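Undergrad: Take a look at the letters that make up each chain.
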Amino acid sequence: MDSGFLRALEQVVGPEGLTTDSTRRRAYECDGLALVRRVPDLVLAPLDTSQARECMRLLREEGLAVIPRGAGTGLAGGATPHEGGVVFKTSRMRRVLEVSERDRFARVEAGVVNVDLTSACSHHGLRYAPDPSSQQACTIGGNVANNSGGPHCFRYGATTRSILGLTVITAEGEVMELGGPEPDPEGLDLVGCFVGCEGMLGVATEVTCRLIPAPETTETLLALFPSLDGACEAVTELIAENLEPSAIEILDRLTIEAVEASVLAAGYPDEADAVLLIDIDGLAEEVRATAQDVGEIARAHGAFEIRTATDAKERARLWAGRKGAFGAMGRIAPDLYVADVVVPRTKLKEVVLATTEICQARGLKLSNVFHAGDGNLHPNISYDRRDEVEVARVLEAGTEIMKACVAVGGSLSGEHGIGLEKRDEMHRVFSEADLDAMLRVRAAWDPDERMNPGKAIPVRGCMEIKTKPLPVPSGGSS
Amino acid sequence: MSSLAERLGPLRGRIPGVEAELPLAVPESEEALVELVNEARVGGLRLLPIGSGSRLGGAYGAQADLLVSTRALTGVVAYEPGDGTVTALAGTRMSELASAVLAGGHRLTPDVPRPEEATLGGVIADGFSGSDRLRFGPTRHHVLGMRVLSSDGEVTKTGGRLVKNVTGFELHRLYAGSGGGLCLILEASLRLFAAPAARACATFTCDSLEAALAISEHLGAPPLEPTAVSLSLGDGAWALTATLDGREERVTRERALVDERVPGAAWCAGAEADSLHATCRDDSPREGAVPSLRISARPSRARDVIEVLLRHSPEAALQAQPLVGTVEAVPGSRADLDALCADLRGLGASVRLRGAAEQGARPTNPLEQRLKAAVDPHDLFCGRP
Ligand SMILES: Cc1cc2nc3c(=O)[nH]c(=O)nc-3n(C[C@H](O)[C@H](O)[C@H](O)COP(=O)(O)OP(=O)(O)OC[C@H]3O[C@@H](n4cnc5c(N)ncnc54)[C@H](O)[C@@H]3O)c2cc1C
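Taken in order, these protein sequences are the chains called A and B. First residue of the first sequence: 61, per the working numbering; consecutive thereafter. First residue of the second sequence: 234, per the working numbering; consecutive thereafter.
It is worth saying that the hints were derived from the structure and are not from the lab. Predicted, not measured: the structure shown is a model, and the values here were computed from it. Among the hints, a few may not be true.
As the list claims (entries may be wrong) - Distance ranges between label pairs, derived from CB positions:
1) B:Ala575 to A:Gly74: 34 to 44 Å
2) B:Thr512 to A:Gln352: 29 to 39 Å
3) B:Glu261 to A:Gly144: 49 to 59 Å
4) A:Val519 to B:Arg603: 18 to 28 Å
Claimed, not checked - Sample of chain B residues lacking proximity to chain A, with all beta carbon distances greater than 10 Å (derived):
5) Glu261
6) Glu263
7) Gly286
8) Glu350
9) Gly360
10) Arg366
11) Gly410
12) Leu415
13) Phe426
14) Asp468
15) Thr485
16) Arg494
17) Ala498
18) Ala522
19) Val608
Note that beta-carbon positions come from the ideal geometry of N, C-alpha and C, so glycine has one too.
With the hints as constraints, model all of the structure from the sequences given.
TA: Shown next, in the form of structure tokens:
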């Protein structure tokens, strides 16, 4: 890279904001999807919006691709610089800029770690609802870009429902203030359009997040099932009965064993083949009544024991086990392929069974820990990336699982996004015209397609499609 | 052009704030709508998409050659009670949709005013949120996906029918609230919530805005979580109505909490509460000779917003959701409208006018301009958010 250009960047971000050294750059060759790797040409870490804007302007002059990156915990290759380019990371933008107790919002820099936002507002009796299992590491900017979920999104919705405003820098170096603490900003919903864009529309540098009051009471239940099927059926009925807990998660036997053998041992029972971990929030009386209904439904589907966490410490332990489950799988094999698919909640049992068959047919080791209440499955396949044959089988199984979901009205991703991993599967749910509509919107934000190129939308002969002649209507003249 | 003229027939529509009547097309099928869009584009006509026409948005219709209503495209396409989602065609009335999902134990949100007039497509395109927004959030949060018709006559899909889904860009978020300026909504899917088993309404009558807002603060303080709190002004008195609903146990406890915090509420429950809730919901002022204003500000500015409004127009009709930060208002006259909007914006509020021909016909924000050009390159649709 041109030394004058590098000097100009260094003047903006200082030496600590610029990584040129090839060994250090290697740390950014992939995100949580370890199967695809490419070392970026440069890594930039601005300190705030103004530095970020200056950097983006310099990058524009060079015509370089920009790959936004938070903590790199994404599991779909969204932050992988697979076509080279400059990784633009937000890890130095970590300030909580404002917390408004009265209007229940917080304004933070994009690199703030999810759990730090909750800590920053908890003494006001408020919390930030989206709680991805990676919340100890992932950033609010990454959550915005992926429209991330988490166990409690069952009741409170994915990230998009908690984002009020954004400061975004486009590939052209424009700083855009989108939305804000008012409930309905004027004009188009640009915030809603940006959330879930997987870094392809711009870099978010500041985020205004909606906060919600902490509930009066939370009860955590652990329902023990002799089979995974029973647990799935119970969830389907909880939904059909319109019960509204705040989180409904399933862990299967292999996951339980892995968690219990790890430092996060949560006291999950070894006699169950599957457990339902359920949080119920609200007023004490309401929580009690809902817990009773949940218990009855669970028993009707075979639960042989319902445990209730006795105090906050036990509750925290149960949830730490759930949230650390992916990490705990490291005991089973060196690598873990976390599939992320979504189905109607009426189809849980059917699709879980299908994923088991798909993996069994390929001799793969499958475990399940997932956001059952939202129909968001995570079939996790343990494998060893050094074994090429096994890797091929894992990828094939991933594709088959997606097909099985789409076949019952499901979709490719419930929360991890499309990234590189699923980009070429998008035609399973969208037509060429649907994908072109996305490309058009993208072009309005980023005409040169320099933001995170090659992600989420398959590369097709779309330019011809875009300019195809318009149909001539009968009786009309063109 | 001739076939288009033939197709149109005798229907005419008028947009508040615009003198001339416009031809109104009400295609009976999606195919007819596609043909109409193709013909209009080739003929260089500009369309203003509408639903039932019950609340025509800002009257950008000054620029429209033709009104196109989706009101004849009706019906529930899919209702999955076990999955808590519903998909319906754009012309389906909100009241019909609400009854359909109630049969499966669900409530439809948004709970919009006069649901027997409003269509699903119109509500979503307008960005209108219901009286239940305090508890459930704005309409745009519950739209799971859409099928839309673009100005080049293509039908495309965004999102899906799943309660959680991050497959592809969420273009439905862009289309929701776009006011018919980007595309025609053909069909939409919504997330549903549990129908309440019990409901109670508390009413407070106050002689000052300050007193009413103080009560509303108590109503919004945790652990209370009312479904709606609405404030209106009539005959010099402020009426504040709170709707509490959900499980029986919840409503009983919330009632007790309200009585403890703000004694003196007039209560009703059950069918009476349903009816009072519907009356308050339907009471939102409607534009006529004078445009309506939809004002949105941080909840802490609700008082300033209402005071500014009444200072400019003491006779304004208004309904506020103070805990959300929104106010619907129709000033007494249009004389002072610009100054009023400027003062409101000075408070950091956003203001959307409806029934005002003078409102900007084109987006001014450069990104919105680019989006408009990208999504509707023919500049066929003349609605605005
Ligand atoms: C153990 C584990 C558990 C997980 N659990 C969950 C879960 O429960 N729910 C869930 O949804 N996900 C989960 N994930 C996935 C992941 O943590 C989320 O997608 C998270 O939001 C990514 O945040 P990040 O800061 O690591 O972003 P990154 O991985 O760095 O980036 C993710 C995407 O966002 C873009 N991006 C990052 N920052 C910005 C920005 N400021 N502006 C614009 N674009 C940006 C990147 O280009 C990339 O496309 C889990 C991952 C792991 C490893």
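Undergrad: The structure should be examined with respect to each hint, and the outcome stated for every one.
TA: Against the structure, the hints come out as follows:
1. Distance hint check: the CB atoms of B:Ala575 and A:Gly74 are about 43 Å apart, consistent with the given range 34 to 44 Å.
2. The beta-carbon spacing between B:Thr512 and A:Gln352, approximately 35 Å, falls within the hinted interval of 29 to 39 Å.
3. Between B:Glu261 and A:Gly144 the beta carbon distance is about 54 Å. The supplied range of 49 to 59 Å therefore holds.
4. At roughly 22 Å, the beta-carbon separation of A:Val519 and B:Arg603 lies within the given 18 to 28 Å, and the hint holds.
5. For B:Glu261, the non-interface assignment is confirmed: its Cβ lies about 17 Å from the closest Cβ of chain A, beyond the 10 Å cut-off.
6. B:Glu263, annotated as away from the interface, keeps every beta carbon of chain A farther than 10 Å; the closest lies near 15 Å.
7. Even its closest Cβ contact with chain A, about 22 Å, leaves B:Gly286 beyond 10 Å, as expected for a residue assigned away from the interface.
8. Residue-level check passed: B:Glu350 sits 21 Å from the nearest beta carbon of chain A, beyond 10 Å.
9. Not every CB of chain A is more than 10 Å from the CB of B:Gly360 (nearest about 7 Å), against its label as outside the interface.
10. Distance check for B:Arg366 against chain A: the nearest CB is about 8 Å away, which does not clear 10 Å, and the non-interface claim fails.
11. Remark: the non-interface label on B:Gly410 conflicts with the geometry, its nearest Cβ contact in chain A lying 5 Å away (cut-off 10 Å).
12. With a closest Cβ-Cβ approach of about 8 Å to chain A, B:Leu415 is found to fall inside the 10 Å limit, against its non-interface label.
13. A Cβ of chain A approaches the Cβ of B:Phe426 within 10 Å, the least distance being about 8 Å, so the stated non-interface status is violated.
14. For B:Asp468, the shortest C-beta to C-beta distance to chain A comes to about 29 Å, beyond the 10 Å cut-off, and the non-interface label holds.
15. Listed as outside the interface, B:Thr485 is inconsistent with that label: its C-beta sits roughly 7 Å from the nearest C-beta of chain A, within the 10 Å cut-off.
16. For B:Arg494, the requirement that its beta carbon stay farther than 10 Å from each beta carbon of chain A is met, with the minimum near 14 Å.
17. Every CB of chain A is more than 10 Å from the CB of B:Ala498 (nearest about 18 Å), matching its label as outside the interface.
18. For B:Ala522, the condition that its CB be more than 10 Å from all CB atoms of chain A holds, with the nearest at approximately 24 Å.
19. Not every C-beta of chain A lies more than 10 Å from that of B:Val608, the closest at about 6 Å, which undercuts listing it as non-interface.
Checked against the numbered hints given earlier, the structure breaks hints 9, 10, 11, 12, 13, 15 and 19 and satisfies all the rest.
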